[in-house]
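One letter stands for each residue in the lines below.
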Amino acid sequence: MTREIVVVSGKGGVGKTTVSASLAYYLHSEGYSIVASDADVDTPSLKLLLPIKRDVYREDIEISTKAVIDESKCTKCLKCLEYCSYGAIEVGLDGYPKVIRYMCEGCGVCKLVCPSGAVKLVKAKTGELVIAETKYGFPMVTAQLEVGEHNSGLLVGAVRNRASNLSEERSADFILTDGAPGIGCPVIAALVGASYTIIVVEPTPQSLQGALRVKGVADHFKVPSGAIINKSNISSYVNEVRRALRASGVDVLGEVPLDYEVLRAIAFRMPILEFNRNSRASRSLLVAFKNLMDVLP
Amino acid sequence: MKSIIIAVTGGKGGAGKSTIAVNLAVELANEMRVLLIDADVDNPNDSTLLGVKTIKVSDITSFAPEIDQFKCIRCGSCVKVCPEHALVMRSGNPPIVFVDRCSGCRACYIVCEAGAISDRGKILGEIFEAETEGLKLIGAKIRIGEARSPIVVKQLMNYVDGIIDGFEIAIIDTAPGIQNTVIQALMKSKYALVVTEPTPLGLYTLKLMTRALEKLVLPRSLIINRSNIPSSIKSEVESYAKNFGFEEIFEVPYDESFIAASIEGRPAVKAYPLAAGSKAIRGIAEFIKQFFNEV
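Protein sequences, first through last, are from chains A and B. Taken in order, the first sequence gives residues 33 to 329; the numbers are from the working numbering. Taken in order, the second sequence gives residues 20 to 314; the numbers are from the working numbering.
Calculated from the structure, these hints are not laboratory results. Predicted model only: the values in this text are computed from it and were never measured. From the three backbone atoms N, C-alpha and C, an ideal C-beta is built for every residue, glycine too. It is possible that part of the hints are untrue.
Pairs of lysine-lysine, DSBU-like flavour, derived with a Cα cap of 35 angstroms [what the hints assert, rightly or not]:
#, chain 1, residue 1, chain 2, residue 2
1, A, Lys130, B, Lys75
2, B, Lys261, B, Lys207
3, B, Lys72, A, Lys98
4, B, Lys209, A, Lys152
5, B, Lys99, A, Lys152
6, A, Lys167, B, Lys261
7, B, Lys90, A, Lys143
8, B, Lys72, A, Lys254
9, A, Lys105, A, Lys85
10, B, Lys90, B, Lys289
11, B, Lys234, A, Lys98
12, B, Lys72, A, Lys155
13, A, Lys152, B, Lys261
14, B, Lys21, B, Lys209
15, B, Lys253, B, Lys308
16, B, Lys261, A, Lys157
17, A, Lys130, B, Lys234
18, B, Lys207, A, Lys155
Selected chain A positions facing chain B (Cβ under 8 angstroms, derived; list incomplete) [what the hints assert, rightly or not]:
#, residue
19, Asp74
20, Gly214
21, Pro237
22, Tyr269
23, Asn271
24, Tyr292
Just chain A, same shape as in the assembly (with noise of 0.2 angstroms):
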């Protein structure tokens, strides 16, 4: 059976991808057959850490819906903008009813309310999903959300059945998700149903923060998690993180100490783990994902 495990922070940039990009490598050289995805479809990254041979395939997801208003029948009752419950229509100079196509969720309202039929619900593209091979030879499910979309929980699942039924086919033994930040609609969307979480975070308060926002989001989920504390040696604050952790009962994975072999891994577009196995900060990886397989469900 498929394992899928989604790594995620609550707070961006405290190493999610580093964490993400090792951890798919070690899967794979420990002779695991995997499927890595990146459900951060609104700043897709992964594939900047995992290097690619060639994409195989591209797609243009189209599963948002926006209303379009027909002016050569609307009667300027405004009726839309009465019942819309995103602000997403507003009145034009010329007195007609305009979308504000960024805000529109297309749930029809006013296409519902429109007493002369000058509302339709149109198609619209979400984004785009592209399956690239590795250099390794995994594939990799990404997707790029359009600029100011919303519907990223959507994308995300149009994300997570490709590398479901890429995992079917090849039968792996495993999806590895690199989770956006933040605790909203692309990371519920990834977080649920999966095997397992990992939450990365770094020892500042604002970091906890966000790690207990999402472990909230997790069990909210019934997802079990683990914690990696990165970065762990930058501060003092480390002794308060692992007690929160501990109060809320995520056992941590591992310590991952600040290793400029990081900033080099990254600058060479390489997992640290690859790119320089002796470092501080791929041994404490290393001890994190033993400990990660030991914990698995």
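Position chain B against the provided structure of chain A, taking the given hints into account.
Just chain B now, with coordinates in the frame of chain A:
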């Protein structure tokens, strides 16, 4: 009275948006009436960087249906119209509402001919505020397990519209990325300060952000945070910014006192005014004051 909004944004998470927004706001508050808006509603951090306790101003709510079993005629129109499939009906029974799925669009309420649907409401999050360091902080946070950050930001921005006249300048600290909540914040802004880090990850997200700013036709400057880290690709980032319409390029060097300040909950410009990072922030504040005077 003019009041202008400056966005501190940047695409990549953890590049230093909140640190720079907070310190910039504190620095500007020496001379101006400043509103700091924390619009990263998934993970609002500004209050912890300021070391201030916030108080709740109001709940952020949306519509959610309540079905009156006695009035319901089991026609199924609400189930058919619901775009989120949040209503399910088994034969002969009134529909069951899955509130977690409901997007609050009211379609069910509108189509119900029996008048059986009323609004029980659903809390999506809350708006909070605080006053400290001579400025006012306003922000919102989404409830855990709730997905609709765009609606939370929309209601936050509506609230801001009501109070902004009392301030000369507002600094809005956006979420990472270029998705809806970020664009909402940018649409309200007169100028964008884009924070990035000099790494391939930083440059990549800078390019995505630039695409968004070009669409919005928003004037912008770049802040390269931790500009002096090892393996920096600063010159590559700089030449990109010069080619893509960034007016100024500021550098904020990596500075351990900024980490100390974030843990102590004191803005670095106040706690460590002599630190290299604080000096850099003062330079950016001067630029913003000049921009304000020219607008």
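Verification of the hints:
1. Straight-line distance between C-alpha atoms of A/Lys130 and B/Lys75 comes to about 34 angstroms, which keeps the hinted pair within the 35 angstroms bound.
2. For the hint pairing B/Lys261 with B/Lys207, the CA-to-CA distance comes to about 25 angstroms; that is within 35 angstroms, so the pair holds.
3. This hinted pair does not check out: B/Lys72 and A/Lys98 have alpha carbons roughly 40 angstroms apart, beyond 35 angstroms.
4. For a cut-off of 35 angstroms, the pair hint linking B/Lys209 to A/Lys152 stands: about 33 angstroms separates their Cα positions.
5. At most 35 angstroms may separate the alpha-carbon atoms for a hinted pair to count; B/Lys99 and A/Lys152 meet this at roughly 18 angstroms.
6. Straight-line distance between C-alpha atoms of A/Lys167 and B/Lys261 comes to about 33 angstroms, which keeps the hinted pair within the 35 angstroms bound.
7. A distance of roughly 26 angstroms separates the Cα atoms of B/Lys90 and A/Lys143; the hinted pair therefore holds under the 35 angstroms criterion.
8. Our distance criterion of 35 angstroms between C-alpha atoms is met by B/Lys72 and A/Lys254, whose separation comes to about 31 angstroms.
9. With a C-alpha separation of about 52 angstroms, the suggested pair A/Lys105 and A/Lys85 falls outside the 35 angstroms cut-off, and the hint is violated.
10. Distance check on the hinted pair: B/Lys90 and B/Lys289 sit about 62 angstroms apart at the alpha-carbon level, beyond 35 angstroms; violated.
11. With a C-alpha separation of about 19 angstroms, the suggested pair B/Lys234 and A/Lys98 falls inside the 35 angstroms cut-off, and the hint holds.
12. For the suggested pair B/Lys72 and A/Lys155, the alpha carbons sit about 45 angstroms apart, so the restraint of at most 35 angstroms is broken.
13. Between the alpha carbons of A/Lys152 and B/Lys261 the distance comes to roughly 43 angstroms, so the proposed pair goes past 35 angstroms and is violated.
14. Annotation: proposed proximity of B/Lys21 to B/Lys209 holds, straight-line Cα distance about 12 angstroms (limit 35 angstroms).
15. Taking the CA atoms of B/Lys253 and B/Lys308, the gap is near 26 angstroms; set against the 35 angstroms cutoff, the hint holds.
16. A hinted pair counts as satisfied when its Cα atoms are at most 35 angstroms apart, and B/Lys261 with A/Lys157 qualifies at roughly 31 angstroms.
17. Using a Cα cut-off of 35 angstroms, the hinted pair A/Lys130 and B/Lys234 holds, with the two alpha carbons roughly 18 angstroms apart.
18. A C-alpha spacing of about 27 angstroms is found between B/Lys207 and A/Lys155, which places the hinted pair at or below 35 angstroms, so the restraint holds.
19. A least Cβ separation of about 4 angstroms between A/Asp74 and chain B falls short of the 8 angstroms threshold, and the interface hint therefore holds.
20. The restraint placing A/Gly214 at the interface with chain B holds, with a minimum CB-CB distance near 3 angstroms, inside the 8 angstroms limit.
21. At a threshold of 8 angstroms, the smallest CB-CB gap from A/Pro237 to chain B is about 5 angstroms, leaving the interface hint in force.
22. The beta carbon of A/Tyr269 is positioned within 8 angstroms of a beta carbon in chain B (closest approach about 5 angstroms), and the interface hint is therefore held.
23. With a cut of 8 angstroms, the hint placing A/Asn271 at the interface with chain B is violated, because the nearest CB-to-CB distance is about 11 angstroms.
24. Because the closest C-beta pair between A/Tyr292 and chain B is about 4 angstroms apart, less than 8 angstroms, the hint holds.
Checked against the numbered hints above, the structure breaks hints 3, 9, 10, 12, 13 and 23 and satisfies the rest.
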